[in-house]
Each structure stands twice: as C-alpha cells, then as structure tokens.
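Q: These are the residues of each chain, in order.
2 protein chains.
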Amino acid sequence: MKAYIGLDIGGTKILGALFDEYGKIIKRVKKKTKAAKGTETVLLQIFKVIDGLLEDEEIHLLGIGAGCPGFVKDYSTVVFSPNIPFVDYDLAAIIKAKYNVPFVLGNDVNVAMFGEWNSSGFSDVNDVISIFVGTGVGGGIIIDGKIYVGQGGAGEIGHMIVNPNGIICGCGSHGCLEAYASKTGIQKSIVAGIRKGRKTVLKEYLEADGDVIKSSSLRRAYEANDEFAVEVIDGVAFYLGIGISNLVNIFHPEMVILGGGVMESLGEELLPIVIKESKKYVMPGMMNNVKFQLSKLSDDAGIVGGYYLAKAIECKS
Amino acid sequence: MKAYIGLDIGGTKILGALFDEYGKIIKRVKKKTKAAKGTETVLLQIFKVIDGLLEDEEIHLLGIGAGCPGFVKDYSTVVFSPNIPFVDYDLAAIIKAKYNVPFVLGNDVNVAMFGEWNSSGFSDVNDVISIFVGTGVGGGIIIDGKIYVGQGGAGEIGHMIVNPNGIICGCGSHGCLEAYASKTGIQKSIVAGIRKGRKTVLKEYLEADGDVIKSSSLRRAYEANDEFAVEVIDGVAFYLGIGISNLVNIFHPEMVILGGGVMESLGEELLPIVIKESKKYVMPGMMNNVKFQLSKLSDDAGIVGGYYLAKAIECKS
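Protein chains in written order, with numbering that gives the first Met the number 0: chain H, 0 to 316; chain Z, 0 to 316.
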C-alpha cells in the first residue's frame, strides 16, 4: 500500500506515524530521542522509528515529513536546535540517501500548525496565523498555502513586545507576549499574587499540584469565580488579544489558529475573551472575516503536519 | 516605442509618468484629483493623466500600474478609500476596457514600497518589510517577491500596539506605534513638552514654523544637542526599534526599508539609533543578515512602483 511517514522529533521523544495516502494513521512508533548521547545516537533513534514503521514489506513509501525544534533551512538542514544536538546538519540528505524517498523537514511549531491548518476543514483558507500557547508562546505563519519562514526564524510571535515597561521575559526583553501569556508567565503571576497575600483557592491548588499549577486547577478556580484566578485569566486574554490584534493588523489573515497546552486546557474559557479583546484593537472592518479556530490535534499535530508536508512535497516533485 | 505607465492616485493629486521599457521616466503629467466632485470626475482626471502621457502616437503601451489609498482587492477593485470617492469600484475593468492594456492596482503604500524594493539594487532579496513614517505610520510587506495583502488590509504596522498603557492614538487604541513615531505623534510630544515648561529651542522653532514643527527644525535642534529634541528623537527611535524588532521576530525578513517624510528628513540621524534599538529586542542571530535601507525615491515611489507592478503583471500574462 501507498503510505507516508510523519515524524515529530522532540527533545525527549521521537513520535512517528505511518499514514495511508488518505491521511489515516496505520501505525505508530515512539522512541526516546537520547539527545544527551549526541548526533549519531539521535540519528539512529530516528532510523529506528522509521524502520519500525516500515516493517511491513508491502509498504510503498511515498515520502517522509518531519518537524524538530529550532531553525530549519531549506526544508532540509537543522541550523541549530535548542534541544537536539544537530548543528548545520543536513538531515534530509541522510534520510533521502538511506530510504530513497523525498524527505522534508520544518520547525516543529510550523509543522504542527501545518497539520492543524490542513485538518481545520477550511481548505479555501490560505493565509493563516497560528499561536501556540504552552510553556512558551510560539507561532507559525502560512502564506498562500505555504509555511513562511523568512530567513528561517520567522514566527517568533512570543517575543513580540507588547509592553516595553512590563515584566522581564526569559529572552531578556521586557514585556514580551510570552512573559504574560505562556504557562511560565501564568505560573509567575500566580506565585507573585500569592506572595503579595492575594486570597485565592489557587494557593492550596498550587501546593497540591507540587508548586507548578496545573491548567486544570486554574480552570477549576476560574469556574468557581475565584477573583484572583479570573484576574489571571483575564490578563492572559488581554495580552493575547493585543498580540492577535497586532498580527491581524499586520497580516489580515483569513484564519487564526490557537493551540498549545494552555489553549487545550483553557481554550473554552479563554477563546471568547481573547476574541473580544483582540477585536477592540483591530482596524475597522479587518476582523470581519477572520475565523478563529482552536487546535484539534493535540500531541498528533506534529506527525499529522509531517504527513501533509510529505504529501505537499510529493505533489510538487 | 514600448512603454509603461505608473500612476499615483492621491487624495489631492494624481501623478502619472510614462516609462520606457527599462524604467526611465520619459514624461510626467500631474492633475488634481478633485475628490470632492465625486467618482465620475476623479475617473475623468485619471483619464486626463493617462491621455496626457499617451499623446505621442508612437507609444506601444504594455501596461499601467497604479496605487491609491485604502483597501484594494484583487489588484483591481477599490473596496474603500479614506480620501477618494471609490467604493467597491472596479477601476481595473474600466481602464482595461478603455485602453485595452493590462492594469494593476494596489494600495498606495504597498505600491510605493514595491517601487523602493525594486529600486534598492538588491534583486536577490525577496522577503521585505517596509515602514513609512509620515503623517501616520504605514507599512508594506513583500513575501517571495510579491506584495502581500492578506484579505486586503495587511500592513497596518502603525497600529501595532507597543504600549497598551501608553498615549491614545487617532484610531482609539492606546500606545500604537503611530501614536509615538508619526509626524503627528512627534508634534504632540513637542507641544506637550513645551506646555510642561521644558526649556528647548523647539519652542521658538515651533512658532516660526507656524505651530506645526518642520522636520528640518527638529533636525536642527537635534544637531544643536537640544536636550528635549534629543529626547523626542530618541523616543521615536525607541518605539520604531520595538516595532521593527517585533516585525523581524515575526517575519525574519531579508531587508527592512524605512521611508516616509520623517525618515526622509531625519533618516540620517534616526537610522543608526533605530537599528541599535531594534537589535536589542530581536531573538539571537535573527538580525545578522537583515539589511536596513532608507527609501530613495521620495515622491516618485508611487509612480515607480506602478511601473514595476505593470511590468510584473505583463511578464506573467
């Protein structure tokens, strides 16, 4: 049978899936990345995932699409990655040589977004911005149906400065979107509030969660109308609203996809407030035809994106 | 001879130029727009400009490219314009029917930027952001060598919020880039400072300029090291730096073009500080290969952009 492979090469694990030509997942393989053991080991782990997926001899593999953290050049070379030991590493050349199939590589957030976009059901929508709100805040840009990377690093939406006099971000700047809207930012707000003596159920939830608040706990406090929890969520929505309005003013896209851990846990609560906030700051008329979409694929976004990338490349070649 | 026409349809005047096929301006015609007299009159004024340029019978016209303020759809229709009475007006259909040549229409800022980009001498640079700092702050985006408009309104860079607790902008939001960096914003800062009793030569310059500060006066005060003037210019550079760093983090472009009245008068002073500021906030490595360029074409940017647009369309068809 004709098939594609989608790979999600993360810092701790490599997820792989075999897809039939219609995008149905036939088989999954997961291996540890073993990043600390160096380049060769990681490469062997990638081979193991692919080989595991290909064990069935009847497979006619048409292409492999993959995502990994960091800067990726020309859909083939990892320039550098924060948590995988590849530096100026032409992974595509190696995979192509070994398996003799098209291989296309992108940044993990971009590939995940490509998966979400292709799975959104809006096939006529070609200019899309996505925002992933998790430990950090990342973004992906689709222009004219293609992933846009500029010189390689485009989509650093989390480091858009939305308040130059604001709190410090991990990157060293003040008032980045990530400093306010990421899980890390939320955690810091909660800890700071409790230290300042705010009365909130979050105090006991935080202790119960082992000092790192779970999104489910935050949601529980929000649903119980805990004043401080509502304030925290509203703060996140306010800054996400500013970030999104800036992006809509810049891109006038057809769709905005919101994903990542925070949106997955709190999306139902956050999305309506985020949309309301962002509409406040957008130029007249520009929000009229912008669709908002919560991500749907969760941990499968990377492998599904890999499948669609492989398919897109295969169509071209 | 083979020729193209570039048109810059403004709220008060229409500039037109006839270009030979190599981009040299052969002839210029300028007419009042007469926007207050309505759609038909404006159309007749456009015809007069084109007819004036075509008086020489030996011209073999290959195409017309034009820019006008407002939202332009499908390179043909003015959806609406702030200062020209065209609403959902398919100007391209009318021009094509009358002159039987390809006609392509864009937003004025985008078309001007297209001219600047094509005249920059960097023909291998295909992802470009431009920022026009004049009465307002506008922007243009070139992706993969093409003007990017999204759903029509992309490039509203001036209404990127860079300080949500900041001063109010003409659009109603707080802390838009335009509120700080535009000529209007600069004027307001100066008036506010003088009212607060700041000692500055700008006070007498402002009176001499008829209560609206000239860029040349601001430059003179800056060069004389007037403390308040330096503070005003540094403030503009600070916010432009934040705006540009946000855009570089988002687009990772190859080039940033800075144009508009403020940059034309103060560019030499502003550019080095703006670059220094913007580098502070960009993610590591992302500024390494970004070219900064001051606009060169001044009032000709629109007609030159029109020429290049016409040529680009003619190549495709």
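Bear in mind the hints are in silico, worked out from the structure with no lab data behind them.
Heads up, a few of these hints could be off.
[Said to hold, decoys possible] The calculated DSSO-like cross-link candidates involving lysine-lysine, where the alpha carbons are at most 30 Å apart (straight line), are:
no., chain 1, residue 1, chain 2, residue 2
1, H, K145, Z, K72
2, H, K295, H, K29
3, Z, K26, H, K72
4, Z, K187, Z, K202
5, Z, K187, Z, K26
6, H, K72, Z, K187
7, Z, K278, H, K145
8, Z, K202, H, K187
9, Z, K202, H, K145
10, H, K279, Z, K26
11, H, K145, Z, K26
12, H, K72, Z, K290
13, Z, K275, H, K72
14, H, K278, Z, K310
15, Z, K145, H, K278
16, H, K187, Z, K278
17, Z, K187, H, K145
Q: So, for every hint listed, does it hold in this structure?
A: Hint check:
1. H:K145 to Z:K72: This hinted pair holds, its Cα atoms lying about 21 Å apart.
2. H:K295 to H:K29: Satisfied, since the Cα-Cα distance of roughly 21 Å is no more than 30 Å.
3. Z:K26 to H:K72: Cα-Cα ~46 Å, so violated.
4. Z:K187 to Z:K202: 13 Å, holds
5. Z:K187 to Z:K26: 40 Å, violated
6. H:K72 to Z:K187: Roughly 45 Å between the alpha carbons, so the hint for K72 of chain H and K187 of chain Z is violated.
7. Z:K278 to H:K145: 28 Å, holds
8. Z:K202 to H:K187: Cα-Cα ~46 Å, so violated.
9. Z:K202 to H:K145: With a Cα-Cα distance of about 53 Å, the restraint between K202 of chain Z and K145 of chain H is violated, given a limit of 30 Å.
10. H:K279 to Z:K26: 47 Å, violated
11. H:K145 to Z:K26: The hint is violated at about 41 Å.
12. H:K72 to Z:K290: Status holds; Cα separation ~19 Å.
13. Z:K275 to H:K72: Distance ~27 Å between K275 of chain Z and K72 of chain H Cα, so the pair holds.
14. H:K278 to Z:K310: 38 Å, violated
15. Z:K145 to H:K278: 28 Å, holds
16. H:K187 to Z:K278: Judged against 30 Å, a Cα distance of about 27 Å means the pair holds.
17. Z:K187 to H:K145: Status violated; Cα separation ~43 Å.
Checked against the numbered hints listed earlier, the structure breaks hints 3, 5, 6, 8, 9, 10, 11, 14 and 17; every other hint is satisfied.
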